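**Q** Work out the full structure, taking the sequences as your base and the hints as a guide.
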Amino acid sequence: MTDVLDRPMRDAPAVQTETLVELRQLVVDYAVPGRHVRAVDHVDLAIHSGEIVGLAGESGCGKTTTGNAILQILREPAQVTSGQILFQGRDLVGLNREQLRRFRWRNVSMVFQSAMNALNPVMRVGDQFVDMMQAHERISKRRALAQAGELLEMVGIDRARTRSYPHELSGGMRQRVIIAMALALEPELVIMDEPTTALDVVVQREILQQIDALKREFGFAVLFITHDLSLLLEFADRVAIMYAGEIVESAPAAELYRAPKHPYTIGLMGSFPPLTGPIRRMTGIPGSPPDLSDPPTGCRFHLRCPHCLGDDSALTALQVGVRPVLKPAAREHLVACHLVEHTP
Amino acid sequence: MGIAPAELSHPDGDAADAVVGPLALPSSRRRRGLHLPGWIRLLLTNRKSCAGIVVFSGIVGTALAAPLLAKNSPTEIVGLPGQPPNHDFWFGTTDQGYDVFSQVVWGARTSLVVAACAAVASTAIAATLGLLAAYSGGWIDDAINLLTNVFLVIPTLPLLIVISAFIPTRGPVIMVLILGLTTWAIEARIFRGQALSLRNRDFVLAAKVAGEGTWGIIGREIVPNMVSRLAAGFVFVFYGSIIFAAGLEFLGFGDVNKTSWGVTLYWAQNNSSVLQGAWWHFVFPGVAIALTVAALVFVNYGVDELSNPRLRRPQRQRRLLLRLVSGRAALRAEEAR
Amino acid sequence: MSSTLEVEGLTKHFAAGGARLFAGRSKVHAVDDVSFTLRPGTITALVGESGSGKSTVARILARLYEPTAGTVVFEGLDATRWARRKAILRYRSQVQMIFQDPFGSLNPVKTIAHHLERPLRIHRVVPRDRVDERVHELLETVGLVPAKAIAPKYPHELSGGQRQRVAIARALAVEPRVILADEPTSMLDVSIRIGILNLMLKLKEDRDLAFLYVTHDLASARYVADEMLVMYAGQIVERGPTEEVLQNPLHPYTRLLLSAVPDPRAGLRFEALSVRRSHSAVDPVAGCRFVARCPLAIGVCSDRTPELVEARPAQAARCHVTAPAPELLHA
Numbered sequence: 001m002t003d004v005l006d007r008p009m010r011d012a013p014a015v016q017t018e019t020l021v022e023l024r025q026l027v028v029d030y031a032v033p034g035r036h037v038r039a040v041d042h043v044d045l046a047i048h049s050g051e052i053v054g055l056a057g058e059s060g061c062g063k064t065t066t067g068n069a070i071l072q073i074l075r076e077p078a079q080v081t082s083g084q085i086l087f088q089g090r091d092l093v094g095l096n097r098e099q100l101r102r103f104r105w106r107n108v109s110m111v112f113q114s115a116m117n118a119l120n121p122v123m124r125v126g127d128q129f130v131d132m133m134q135a136h137e138r139i140s141k142r143r144a145l146a147q148a149g150e151l152l153e154m155v156g157i158d159r160a161r162t163r164s165y166p167h168e169l170s171g172g173m174r175q176r177v178i179i180a181m182a183l184a185l186e187p188e189l190v191i192m193d194e195p196t197t198a199l200d201v202v203v204q205r206e207i208l209q210q211i212d213a214l215k216r217e218f219g220f221a222v223l224f225i226t227h228d229l230s231l232l233l234e235f236a237d238r239v240a241i242m243y244a245g246e247i248v249e250s251a252p253a254a255e256l257y258r259a260p261k262h263p264y265t266i267g268l269m270g271s272f273p274p275l276t277g278p279i280r281r282m283t284g285i286p287g288s289p290p291d292l293s294d295p296p297t298g299c300r301f302h303l304r305c306p307h308c309l310g311d312d313s314a315l316t317a318l319q320v321g322v323r324p325v326l327k328p329a330a331r332e333h334l335v336a337c338h339l340v341e342h343t344p
Numbered sequence: 001m002g003i004a005p006a007e008l009s010h011p012d013g014d015a016a017d018a019v020v021g022p023l024a025l026p027s028s029r030r031r032r033g034l035h036l037p038g039w040i041r042l043l044l045t046n047r048k049s050c051a052g053i054v055v056f057s058g059i060v061g062t063a064l065a066a067p068l069l070a071k072n073s074p075t076e077i078v079g080l081p082g083q084p085p086n087h088d089f090w091f092g093t094t095d096q097g098y099d100v101f102s103q104v105v106w107g108a109r110t111s112l113v114v115a116a117c118a119a120v121a122s123t124a125i126a127a128t129l130g131l132l133a134a135y136s137g138g139w140i141d142d143a144i145n146l147l148t149n150v151f152l153v154i155p156t157l158p159l160l161i162v163i164s165a166f167i168p169t170r171g172p173v174i175m176v177l178i179l180g181l182t183t184w185a186i187e188a189r190i191f192r193g194q195a196l197s198l199r200n201r202d203f204v205l206a207a208k209v210a211g212e213g214t215w216g217i218i219g220r221e222i223v224p225n226m227v228s229r230l231a232a233g234f235v236f237v238f239y240g241s242i243i244f245a246a247g248l249e250f251l252g253f254g255d256v257n258k259t260s261w262g263v264t265l266y267w268a269q270n271n272s273s274v275l276q277g278a279w280w281h282f283v284f285p286g287v288a289i290a291l292t293v294a295a296l297v298f299v300n301y302g303v304d305e306l307s308n309p310r311l312r313r314p315q316r317q318r319r320l321l322l323r324l325v326s327g328r329a330a331l332r333a334e335e336a337r
Numbered sequence: 001m002s003s004t005l006e007v008e009g010l011t012k013h014f015a016a017g018g019a020r021l022f023a024g025r026s027k028v029h030a031v032d033d034v035s036f037t038l039r040p041g042t043i044t045a046l047v048g049e050s051g052s053g054k055s056t057v058a059r060i061l062a063r064l065y066e067p068t069a070g071t072v073v074f075e076g077l078d079a080t081r082w083a084r085r086k087a088i089l090r091y092r093s094q095v096q097m098i099f100q101d102p103f104g105s106l107n108p109v110k111t112i113a114h115h116l117e118r119p120l121r122i123h124r125v126v127p128r129d130r131v132d133e134r135v136h137e138l139l140e141t142v143g144l145v146p147a148k149a150i151a152p153k154y155p156h157e158l159s160g161g162q163r164q165r166v167a168i169a170r171a172l173a174v175e176p177r178v179i180l181a182d183e184p185t186s187m188l189d190v191s192i193r194i195g196i197l198n199l200m201l202k203l204k205e206d207r208d209l210a211f212l213y214v215t216h217d218l219a220s221a222r223y224v225a226d227e228m229l230v231m232y233a234g235q236i237v238e239r240g241p242t243e244e245v246l247q248n249p250l251h252p253y254t255r256l257l258l259s260a261v262p263d264p265r266a267g268l269r270f271e272a273l274s275v276r277r278s279h280s281a282v283d284p285v286a287g288c289r290f291v292a293r294c295p296l297a298i299g300v301c302s303d304r305t306p307e308l309v310e311a312r313p314a315q316a317a318r319c320h321v322t323a324p325a326p327e328l329l330h331a
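Chains as they are written, first to last, in the numbering used here: chain A, 1 to 344; chain B, 1 to 337; chain C, 1 to 331.
Rather than coming from a laboratory, the hints here were simulated on the basis of the structure. All values derive from a computational prediction rather than experimental measurement. Positions of the beta carbon are idealized from the N, C-alpha and C atoms, including for glycine. Among the hints, erroneous ones may be present.
Here are the in silico distance ranges between beta carbons for each label pair [as the list claims (entries may be wrong)]: (1) A/A135 with C/P295: 38 to 46 Å; (2) B/W215 with C/D78: 24 to 32 Å; (3) B/V113 with A/A135: 53 to 61 Å; (4) A/A259 with B/R47: 54 to 62 Å; (5) A/A135 with B/N149: 37 to 45 Å; (6) B/G193 with C/T11: 28 to 36 Å; (7) C/D208 with B/G137: 34 to 42 Å; (8) B/L311 with C/P146: 34 to 42 Å; (9) C/E66 with A/V320: 53 to 61 Å; (10) B/A65 with C/V126: 22 to 30 Å; (11) B/R47 with A/Q99: 43 to 51 Å.
Covered stretches of chain C (in silico footprint by chain A; criterion: 3 or more residues with CB under 8 Å from a CB of chain A, positions within the stretch not fixed) [what the hints assert, rightly or not]: (12) 186 to 193; (13) 218 to 227.
**A** Here it is in structure tokens:
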């Protein structure tokens, strides 16, 4: 009688094939007169085809800005100041509007946090699919609607729902709709910005399983942006941790879970109370993320770091004065931390 | 195990929010230049509202300085009738011999004061009814809505004309009353809407849970969050009243022996100035009305930005005006941050 | 006077839009027959997903909604009966609330000091000349230092975690016995949440307060709560000591929740889940509301609404299969 979707244990991470997207020293600034906010500060990130890369961090760390930059949908006053965004080797920064328009959704698409922000509340769901498809290719309305129905079935929604309005669907269903829309043109990369944050835990898990199934079938890569690190440790192949506009650690998920090295990562992982095992008092991370218009000198985390002792040592001088750079600490495990660098 | 005291650090939130917070007005505490409250700076650095403020201030200044600027009495025959603008009479004379310039300058006082008082009355009625409807709900809300709808449906100018036609007295006071009692409906609807949305905000509920009474909530929580919307409503009715008052006076429903822009227009029409080619008789009062109304419309652009922070855009022009307004030191202080 | 808050049979129905011909108006059963007790020095977690009715329960207890049925007894009086202002004020001085949105729960055009002064003045907690002093004391209690610098600030000048501490300080101002916390950490950054949870624990211990901690996050509920109540579709489906409920869940919904939570410590896994079918809280039919999603459902589950039955000492569940009513066993 039990009607369950059986899922085997997840495979080992897919063999890295081509590099799909590469960010090289990306810098994104918010140019407000009088204040200068560097939201993304010389970020390097690579996403390979078929891979799920998780980008984790708290509010203000720049992860959403990074995702928007890849799709080149940054709005004034944000702008890409320097660096490269390479898609299959081609730099997106120099493209003109028409080239970008063709690139968006076809090669890279996006799933936003709140489906109600992405869906037009006064249009039927099917019509929104038609709208989107006709913007990218010559297709008749009938065929587009048929395809819309198929896409909905693919994400587990009855195809008759193409005639529904967004408000007639539950939160989980709406989120599936925009996932279906993001996959409509079979892009190579789907950027997901907090796609399940607004949903309850059970729906969240179902949707993630759905995404995993679709990924196996279509072979797209995913950049999964979220603050929920525990989710990424289960779901992603590789995880990058962002803090104050920089990537401070990057490693395969299993490795990161087993042996986190950056004090911020350790602190972050220590902020999730356990569901099993002993209950101990936890401390989280004292203080707040820094004001990006006036970031701390040297290592941006040093004011909150339990390993920055504020004494006269050479280490402290580095922590306060020199920005740490991402360096390999173990196989495929990069960390930007003076302590890690100088500890044998 | 204690808790590390929360640092006095800056707001977290998306990088964009760190730059322009939801209701954050530029803090004037840290600058070394002129000490102006945030809202004044915002009004002055918005190009449109700054222009509007300048022009409107000019007009008000002219009206205030009437005794100095227009030495001739507007109600006495001071020169040859029908003169076009010349050295002695900058705006010319009417076909009776009155000084048009004096009429415009002195008339500004009446027109502005009448419109201002009408706007105060209208906004007061709109705010009272709108807030009452929003906060009470139930049949009170329904009754006020019905009343509002009736007044909205009836076209304002014909209503004003009909009322004026029935009232035997003429004069500025009646004008204020009539305008105040007929123009409140639009703003009442808007105030009610905003009060309704505020009423269910968490901070209003929190005040309720803290024990705040109904009037305490309306006065301390709701109205302070509506100030800029109330201001925008006031400005709107203000310039609307200028036009309506002028219109009524033009049609003869004002006191034709007083001096105001509309009355001047009335006499211009009455004495067939158009036919006679005496354009100066009606063009100057007309321009005065148009200029004042346009200035207030522009001011409202700035006030709208105050009430809706999402409209605020960082502008390059702000830097120049910032410098003019707050001094070079303030600009440098701002840039150095 | 007893400081316990006893909730008995709490029910709240909202009218759903659109009257149907001949059938009367539809009703959303937001809360149905909810009973529990909040005791001093205890944190009780009310866990459920959005739409389960947990926030509605908290708001009824805060007297923001009037219940359709049921009683909330505090100090011998039923707080749901609309009473005179004096009685309402007395209740409000004893039962306070913390809201979910740290920015929305503070008036953006008023200073922090204002937020703390108002309850002090309304309830005359301290004489007029000591109000400022008490405001500073409250800020220090919640860890906002230096208090003198924070008091004149506006909400947008503080971080989310700091604002939530202000909200807690405001709730503490009247020296309540019961605090209703409606998802106080769900809109905060992950690393800040623990600080707020620790503050709640400290206040519980120092002041012997009773907390109702409404949340959808099982892990944080485990961290702070002594008792746990699990809500589904407006009903309490399981209750008991936190550890018992989490380690040996009775109700299938509790088990489903536990299997769905991402927990890195549990190791990497993809769990099997039951097929989803949506429940409707609008005019629910008789029978268990979880029946459409339940892997254990048997015949009687569609016919009779199960009662909350104590299947183990202090642990009760609303399930015909795992916590059958005694008379059914012998049927």
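**Q** Confirm or reject each hint.
**A** Okay, the hints, checked on the actual structure:
no., hint, result
1, A/A135 with C/P295: 38 to 46 Å, "holds (44 Å)"
2, B/W215 with C/D78: 24 to 32 Å, "holds (27 Å)"
3, B/V113 with A/A135: 53 to 61 Å, "holds (57 Å)"
4, A/A259 with B/R47: 54 to 62 Å, "holds (57 Å)"
5, A/A135 with B/N149: 37 to 45 Å, "holds (42 Å)"
6, B/G193 with C/T11: 28 to 36 Å, "holds (33 Å)"
7, C/D208 with B/G137: 34 to 42 Å, "holds (39 Å)"
8, B/L311 with C/P146: 34 to 42 Å, "holds (36 Å)"
9, C/E66 with A/V320: 53 to 61 Å, "holds (58 Å)"
10, B/A65 with C/V126: 22 to 30 Å, "violated (54 Å)"
11, B/R47 with A/Q99: 43 to 51 Å, "violated (35 Å)"
12, 186 to 193, "holds (count 5)"
13, 218 to 227, "holds (count 5)"
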